[in-house]
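*Asks:* Note that the protein sequences, when read in sequence, are chains L and G.
Just so you know, we're using this note's numbering here: the first sequence kicks off at 732 and counts up by one.
Just so you know, we're using this note's numbering here: the second sequence kicks off at 99 and counts up by one.
One should not assume that every hint holds.
[Stated by the list, open to error] Some chain L residues near chain G, calculated using beta-carbon distances under 7 angstroms:
1. V749
2. M788
3. A817
4. I819
5. P839
None of these hints come from the bench; they were simulated from the model.
Don't be surprised by glycine CBs; every beta carbon is placed ideally from N, CA and C.
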Amino acid sequence: VPSRELLVVDDDDGIREVAQMALEIVGGFRVRTASSGGQAWEMVRTQAPDALLLDVMMPGMDGPTLLGRLRADAATSHLPVIFLTAKIQAGDRRDWNDLDITGVIAKPFDPMLLAADISRLLGWDLADGEPS
Amino acid sequence: MARARDAFAEIGLQARRSNLARLAELDLLWQGVSTDALTEAQRERGATLAHQLVGSAGTFGYPGVAGPARQLEDFFAGTDLRSAAAAGSSCLQQIRQELDVEASADLD
Numbered sequence: 732v733p734s735r736e737l738l739v740v741d742d743d744d745g746i747r748e749v750a751q752m753a754l755e756i757v758g759g760f761r762v763r764t765a766s767s768g769g770q771a772w773e774m775v776r777t778q779a780p781d782a783l784l785l786d787v788m789m790p791g792m793d794g795p796t797l798l799g800r801l802r803a804d805a806a807t808s809h810l811p812v813i814f815l816t817a818k819i820q821a822g823d824r825r826d827w828n829d830l831d832i833t834g835v836i837a838k839p840f841d842p843m844l845l846a847a848d849i850s851r852l853l854g855w856d857l858a859d860g861e862p863s
Numbered sequence: 099m100a101r102a103r104d105a106f107a108e109i110g111l112q113a114r115r116s117n118l119a120r121l122a123e124l125d126l127l128w129q130g131v132s133t134d135a136l137t138e139a140q141r142e143r144g145a146t147l148a149h150q151l152v153g154s155a156g157t158f159g160y161p162g163v164a165g166p167a168r169q170l171e172d173f174f175a176g177t178d179l180r181s182a183a184a185a186g187s188s189c190l191q192q193i194r195q196e197l198d199v200e201a202s203a204d205l206d
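Given the sequences, and given the hints that come with them, work out the whole structure.
*Replies:* Here you go:
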């Protein structure tokens, strides 16, 4: 049974790499990465990941804009999206109340715990990426 | 899990270089604050760099960077940047200490 696939979207090379490593090695997930919202939009439509881990602040198409596009497209409207962001103050979170997201992972994060946190939010089993 | 930790350490070294470069650029930008010399684009760049430091430095083992970096981000995004000149300089100094910049000469 193939493991679940996550698309990690972040403009920071280090964050992208460490998240990929953490999710592959610790979580056993398949992971693809995108460095921009535009690239992620293309990849979502061609690769059909099972969920997105999405940075909020990125140059060009930011996370909330990409989320809006995904929700407006019937093929991706139900794709689970988790924000990965350093914008975690109360005002920022209020802005997201009306957005259809599965959860938020705050930066900075502990790479060793990332896979477990994402599995919990998505209701996936950590061992093989399948739903628990 | 040892494999994961080794991989994280390697990525962390590269991230540290990136964060030191961000700090150096922030230092340069902040020099323009006291003279009101920053353009809107430079203010946005400063806010972006500080924001990236919040997320990256903490993730790679420097959690004490997040607080002062978040303050800097707020300063760059605020309306009265000049009045924050001293406080911003203090934030930069804290970040410098947290990242242990003097011990990083061998990374260059």
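*Asks:* With reference to the structure, classify each hint as holding or not holding.
*Replies:* Each hint tested on the structure:
For L:V749, the interface hint holds, the least distance from its beta-carbon to any beta-carbon of chain G being 5 angstroms, beneath 7 angstroms. With a least beta-carbon distance of about 6 angstroms to chain G, the hint placing L:M788 at the interface is held under the 7 angstroms criterion. For the restraint placing L:A817 at the interface with chain G, the shortest Cβ-Cβ distance is roughly 4 angstroms, inside the 7 angstroms limit, so the hint holds. The restraint placing L:I819 at the interface with chain G is violated, with a minimum CB-CB distance near 9 angstroms, outside the 7 angstroms limit.
Look at L:P839: its Cβ gets to within about 2 angstroms of chain G, closer than 7 angstroms, so that hint holds up.
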